[in-house]
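Undergrad: Could you build all of it, start to finish, from the sequences and the hints given here?
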Amino acid sequence: MIVLKLNISRIASIPAAFVGATIRIFLDLALDGGTIHNGAWIAALLSALPSIPYLLCLDAVQSDKRMAIPLRFMLLSVTALDAAHVLSICVRAAGCLTLDYVPAHFLALPLALAVLWCVWRNGDAVGYAAILWIRVFPVLLLLVVTLQMRHYNARWLLPLLGNGFPDIIRSGVRASGWFIPATAIYYVTDRSGDKSGRRPLSAWLSFAPAVAALLLILRLMMAPAGLYGLTWEARLDALLTNGRAPLYLQLPMMLVFFFSAFHLLTCECFAASALLQRLAPALDGRLCAAVVTVACTGLSLSGFTVTAVDFIAPWLYVAVAATAALSSLLQGAPKGGERPCNG
Amino acid sequence: MVDGFSMLQRAALVPTLNDNVSRFRTLLHADVNSDAQFRFIECAGTRLCVLYIEGMADDRKISDFILRACVEHATEQPRRIDAAYLMEKVVEIAQCEAEQRVSEILDSVVTGMTAVLIDGCDEAVMLETRGYPARQVNRTTNESVVIGAQEGFVESLRTNMTLMRRYVPCSDLITECVSVGTQVPARVTMVYLGNVADSAVVDAVRRRLKGIDAGTVQGLGAVQQHIEDQPWALLPQILQTERPDRAASCVMDGQVVVLAENSPYALIAPITLFHQLHASDDSFSRWQYGTFLRLIRIIGMLISVFLPGLYIALTDYHMHLLPLSLLGSIAEARANVPFPILIEILIMEFSFYLINEAGTRIPQQIGSALGIVGALILGQAAVSASIISPILIIIVAITGLGNYAIPDYGFGIGLVICRLFIIACSAAFGLYGFCIGAFVLSVSLCGMKSFGFPYMAPVAPPRPHNPDLLVRLPIWLQKRPMYFAALKVSAHGRRG
Amino acid sequence: MQRMRLAALIVLLALLLGGCQDTGEVENQAYVLVLALDAVGDGGLALTARVPKIGISDAQGDKGDSGSSPYLTFSVTAPSWSAALDALQWATPRRINLSHIEMIVASEALASRPSFASLMNGMADTPHLYTNARFVICPGSARSFLEAEETVIGTRLSSEIHTMLSQYARQGFIPDACLADACYCANGIYGDPIAIWGDLAEDGSEDGAPISVTKSPMRQRFSGAALFRGGRFVQALSKYETRLLNLIRGQCRTLCYTWQDQAIEFPLRSSSRAVRIEGSDITLSLRLKLGAPGGFGEKELSTLRQSMRNDIARLVGDCQRLGIDPFGFAESASGHFVTNAQWLAFDWRSRFARAPLDIDIIIAK
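Protein chains in written order, with the working numbering: chain V, 238 to 580; chain F, -11 to 484; chain W, 99 to 463.
Bear in mind the hints are in silico, worked out from the structure with no lab data behind them.
Being a predicted model, the structure only gives us computed values, none of them experimental.
Among the hints, erroneous ones may be present.
[Claimed, not checked] Short, incomplete list of chain F residues facing chain V, as computed with Cβ under 10 Å: (1) F272; (2) H306; (3) H308; (4) F422; (5) M444.
[What the hints assert, rightly or not] Cross-link-like lysine-lysine pairs, in silico, DSSO-like; alpha carbons within 30 Å at most: (6) V/K242 / F/K77; (7) W/K387 / W/K397; (8) V/K242 / F/K198; (9) F/K77 / F/K49; (10) F/K467 / F/K437; (11) F/K198 / F/K437.
We put the CB at the ideal spot given by N, CA and C, even for glycine.
TA: Laid out in structure tokens, this is it:
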């Protein structure tokens, strides 16, 4: 018996997808791919270009058609893998900040339980929480910027292109791939009540790279290019405090970081759970969420996600966007006998 | 025996007076019930029996307007009297109606009405003679305001309905009575504006009230627990208010107010989180003062929920986030305290709410002693004995004050439990746990609904609303009805 | 109901398995306020830490009622930074907390080592070490410098250090330099780092100079800037030169300039530094607009202007000869290039050493 049907309304899915996309692009360029230096914000803006055709396909693909099954399966795999990666980012960040003596699974377990609980609230709760975060985030960010204003050095954005165009383009394409798991939630949106004339997803999500670029500019003004110790932990440390500001100013930045990461994680876990339920309609939503959460936690703790993400990141966009394009094309082709009669 | 009683209740009246009287004697246990009164009189040659419960009905009304009226009613010759004749020509009570069903007559008599059984007629006349002692309208005890009306609801449903009529003098105000409880029915009234309230909302409230499957319902608190969307949630999804002006304001916004006999407050549904944070005098004051006080209240709420957890997280895990001068003060204050910070906080929280609860239950004559015990002995002695640190007393005091700034009592208690959850998360994992706890709370709030309306609306999801959520802008800017309402507003702000 | 019990059990398990059992209470940690590093032997390091005693009342001041100081000093010797930290943890009876360090002092001998840059990086990489601590280089023993630090006006050493150094930085006597800034500059692709130059002095020890301190309860003197090349100390600047250095870096709002035995305050209206690049030649450009103090005629202002110009040119010239750029010209120059690789290929250091300086000082009434 299906007790919980995982679905989300359009009004909730767009902010969730927006928050997810912004944060995912930012994390990729600031932390995972942090060697891009000064040109990172340009890469963020560039990521919008390849993502728009993908998003247009997503708008066009009807998620309940059979032709969408390969796309659905691919989205599920990618989203679950990325959710595992984001979970490991949260655990690593918590370990860096203060809990370095706590084993990783003890840090992952409460977060996994929290995410599971949130997914069980269903999609509207996740989306509305994203709306709340969109309202609160600018206030916290303004506080961070105001308190650290004298420590920003705009000259550290120069030279403008950082490591050069090849690096920027590569990072931009990689970042555009991260639109895919972050916006998977839109794929499972209940669009039955859609009215004509509403702006499609692509119009909304084109702002995500712009916001990510703004955040990256702020980050790049904190520490110069060529900084020693390009470890992930050093980049996280530079993100949360630029080293030249008093440590208590780290507090609002930590709140911003963790809340943003939790929103992204919940959004992706929900999308993966809903996709699983679409693929296996006989399963209850709670079971799907539990399966996805347990799988993500296990993957995250295995340490496999870092290498896997690094491996698939350059190809992610091409693979999924091509599948989406194919699905939308095949969906539009009428079957024999269904052509309207002329005359 | 039970079957016999229920058979008697389901039956209708018979034309024979003695049979009817005997039936009622059985149902009212007249052989042992000393307050069930059966008064036989004659009116124009017809035998009548006046049936009432002593104490519930007003003896004077019965004597003056029923007994005297019947006895002194003269006709030229004896005639057959029926209910219609009695109502039109004899009795002098304003509200009266004819009733045939024994169960209805019984229910009305036990609530203070008087039934007049007529020999030879299968209808009884039900007369409004309620006169039981009830509290007068007085000041509110739990929702005081500086500026504004000082009246509060009382236990009498009739009086409460009258108060609503006074505050909403509109012909579209509907007071719909519903009986709740299968064994001992309780009188519950739904109050709403017919042309403003959404019919789907009204239907939902009505359906849930009628669907209460309980033998008895002791007041609106029980009603609330039966009809709210998520009874397992920590925060209430229905507002309780003692103030008729607050209830009237909500009625005019399209919400439904539920009143009940013996309950000196009203339930209001549907609501949002923001209703729990608004107080009546926000609207009575100028917008600058209303906004300022509301912001203080909201900051108090946030402090109440998050301050102790943040304190634990920072002092136990993230000392680098505290300026050294503050850290030094905390460290020196805690130098001789034997307990970890978490235990200290739990001890203080428990003590605070123990004093709170004792203060509520304590007899008035010795209530003043509680202040001396609580503040001086417990607080000062605990610090002197190094059981707790002085800084923690400040933290807990500010937290408590923030909690008491919240107008809604139930909401405040719910926030206390949320606070304990945040404290547990922070104690376990520091700021990481704090963020997890706060995140779970925010998603849970966003997932709650009140009669189908999202609890965090009109922020999440966004809905058109008056500029009266966190900041209360001038009253002339607030032309739009709440989105609960079915009423539409024209471009010029006129309702139509 | 069974589901609720299961959920509660899982949550309780999560909490019990959490890290709370190993937390450190705030009063059970040793907060290092000042850290001193000395060179020992061949490549070795002596680490000295100043830690406040928790529980001694502030009213007892610097020497408690019983005559004991409210601060403890621990000193260890080790071959490397990480080994020294480990030894310090062993020597101290509480968990060392480095997140509230106010000052890090390194001896001149240690800072002159070629390996000092990697030592700075190691320090900055240490988890929870407060890299915003003021960074001081001193001649002689850093440990002696640390031990001379005491509360003079206030009751807390931490606020004493912070207030004192902020005051000196505001006056322009020292640069606003912290460990993080030094690391960023040493490892970044722009200029060179600087630190605060500190010294120990006795009262009246400045040999009868016209301006000297004849009596002060403080033995420490923070008076100037320490210049680095590529993370290694090369030279110290005097406090007057440091004022000019701060002026060029745009880190002061007023310039207190000593001229003909007078100390004159000039409010700084605007300052800009630019680099013109024509082919392989570069020209440094410095434009300063100062407010004129009262009581000076046009002739005197013109003489002042020339004197300032000479002093600035001398300072920049000295740094050019040393091959270091602590002024921030490199950050301006990097804007002429499109990529980091092009900028690095430009070899800024050698071109800066040869670049002419164009100084434009406007003293407006």
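Undergrad: Could you tell me which of the numbered hints above are not met by this structure, giving the numbers in increasing order?
TA: 1, 6
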